[in-house]
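K.L.:
Heads up: the sequence lines are chains Z and S, in that order. For what it's worth, this note's numbering labels the leading residue of the first sequence as 27, then goes sequentially. For what it's worth, this note's numbering labels the leading residue of the second sequence as -10, then goes sequentially.
The hints are simulated quantities; they were obtained by calculation from the structure and are not laboratory data. Just so you know, not all the hints are guaranteed correct.
[What the hints assert, rightly or not] The calculated lysine-lysine pairs, modelled on BS3-like cross-linking and capped at a C-alpha distance of 25 Å, are:
| id | chain 1 | residue 1 | chain 2 | residue 2 |
| --- | --- | --- | --- | --- |
| 1 | Z | LYS65 | S | LYS467 |
| 2 | S | LYS502 | Z | LYS76 |
| 3 | S | LYS464 | Z | LYS68 |
| 4 | S | LYS464 | S | LYS207 |
| 5 | Z | LYS79 | S | LYS207 |
| 6 | Z | LYS76 | S | LYS207 |
| 7 | Z | LYS34 | S | LYS502 |
| 8 | Z | LYS68 | S | LYS502 |
Keep in mind that this is a model prediction, so the values were computed, not measured.
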Amino acid sequence: MNQQLTLKEVQEPITTAPAEVRQIIERVLQAERDKLYMKNPKNINDDILKIVKEAVP
Amino acid sequence: MKLLSIRLCNFRQFYGKTPEIFLAHRERNTTIIHGNNGSGKTTILNAFTWVLYEKFSAAFASVDKLVNKRAIAEVAPGEPVECWVEIGFEHDSKKYKAKRLCRAYKGDTIGIEHSKSELYLQVAGDDGCWLLPQQHPDDIIGRILPASLHQYFFFDGERIEQIFRDDKKSEIAEATKDLLGLKVLDRSIEHLKNAKRTLEEELAAIGDTETRNLLREKENTEQRSEALSKRQSEIDKELENQNDLKREISGLLLKLGGAEELQQLRDRLEAEAVSIRSQLQQTKNVRNRVISTRGYTVFLLEITAGFRVIVNDLRSKGELPTGIKRTFVKELLERERCICGTELTNGSHPHALVQEWMERSGTPDVEETAIRMESQINEIDQQATEFWQEVDQQQEKINKDRIELSRIETQLDDIKKKLLTYPDENISNLQKRLDGIEERIRELILEKGANKQKIETLKTEIEAKAKQIAKYRMKEDKQAIAQRRITATQDAIERLTEVRTGLDQQFRLQLEKRVQEIFSQISFTPYIPNLSEKYELTLLDVVSGELAPVAASTGENQILSLSFIGGIIDRVREWSQKNALMGPDSSTLPVVMDSPFGSLDEIYRRQIAKTIPKLANQLVVLVTKTQWRGEVAQEMATHIGKEYVLSYNSPKPNCEVDVIELGSEFYPLVRQSSSEFEYTEIIEVRRDG
């Protein structure tokens, strides 16, 4: 119980973020997870720029 | 990743295809594989890492000789022998079959050549259909269990302490971060910073906007234009008044004796002047229309003259209408007789002469076109002449009207003079007033014209400004968006950094605590594992109230390493379930251990045997008969789901056979080979009850 609470606290900056920022964070994390196995993730900078531009149209 | 099965074919000791070795994964999550030294335990451990990562453990010698010797010996030179390992596993409700294959060729003279290995992966979803995935197999496996972490999950228990050697510490820190998702956060932060930089560059490229200034300027111009339009209507009104006044005074002049005739004459002349002016305007319009519609004809004269020169030249050379048609000449040649009666036999002199005409005679098409064009050219010349005539005519009319108008104006001036100097003061005064009014009307008309021009200029200016404003507005919108994006990115970076710091600290402390718990469960020493901020693992001891590093023995280091692996698996599993946002989905993690009890004492073996099945979701243990002693077998008994024996067939004459008793059965560990080759068979252990 204590641990769960702390983890929740740790994640608070994400859960309390404004909608568009939260969307950026979640999609960026997903994109990075998808390419985690690569030493130098291919096109990741473009992917992230795209995410930001789509989240803030 | 949940391992389901493994199958080998001609891989090292395993000749031909082995039966599929199913691995335990439910409540009884442990698979035990018994085997003596050299029977293939390390081979099985490396079969896993070879398929998934093409990697081998340190104890696995001669990595370039994977293919079973007997299989090679049995093929003809030049024929390939296939060697492969296939692993079945499950992840995220999908079933996978990964197969790595390499081929060996026996050369005629030189030894054995191996091909590069190839990895094949098939995936089956809920519907059970096996498909080839679209992504690269390595990438898919890397996503499920990163290659950098494989040594945590597939390891040689006897050398486990080497995973944590000093020179490997940074690797371990990196690999741990992988599993935790810290690396995902690090990369996210780094790449978001890059994105922010790009966005800032984009913002700078948009440039300054001056919308506010432009709007003010446009407003000023509009005000000026409005003021002028207002003035125009005032002028119109005043002109009307002045004209009324003029009419009134002219009317008065008519009534005054003596001036009557002059005024009548003036009215008539003025009416005439109006009519001539309008006529003049009409004539000018006609002239202008003539010039704009037919003016071009005069510029064609040079070209038409050029055309004539060309045509005449062609004619004089006889290349254009010669009067003789090619069809006519052709007929003569076909008839073989000229019109003069001469015979035209092929090859004769007269035939050759007539034949020459064939080249010179024209085709009807060219002739017709030339004639048609000539008549068109003549027409153009005619049009040019007519154009000049018409223009002259209109110009003459204009001149005539101008003379007439100037005559009328002189007459009107005379009348004015007469009236001004008229002996009757009333009359001359009225004329003076009339002059004043006319002067004013002229002024007003001039002002009106100038204003009209100004209004036109202002209108163009306003339109241009409006266009510029629209452009800048668009820029401004772009700027606002870029700014918002930068702010949002910065916010995301800050939040992720905060989460990263929190997670790192929290996870490290939790992991350290868990490692300490496991270590103290297994070890009887008072040492305390310590995990530095860089994830470096050391053993500390309390020396006179202070913590100091311990020069740990191999056994202690092995326990420490196992505790760390256990701690990581335990923590990562828990975090992965609660914290799906970060890190790979690692809720299920397997452990495959070769000789896990290395050089440990009985107490440690018992403790480890007790602890390990609880740490990993799934455990595969490869043990020798000596390692599988009472206390180990006892502690693991309740967790065993599957059990196999590697039965080594030795070609050595009179070799010492060995057996292992499992349940109530004896299983061969070493037996005499029926051929000249050594090979290993896999036998499943079936315990009753």
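K.L.:
Which numbered hints turn out to be false for this structure?
P.N.:
Numbers 1, 2, 3, 5, 6, 8, in rising order.
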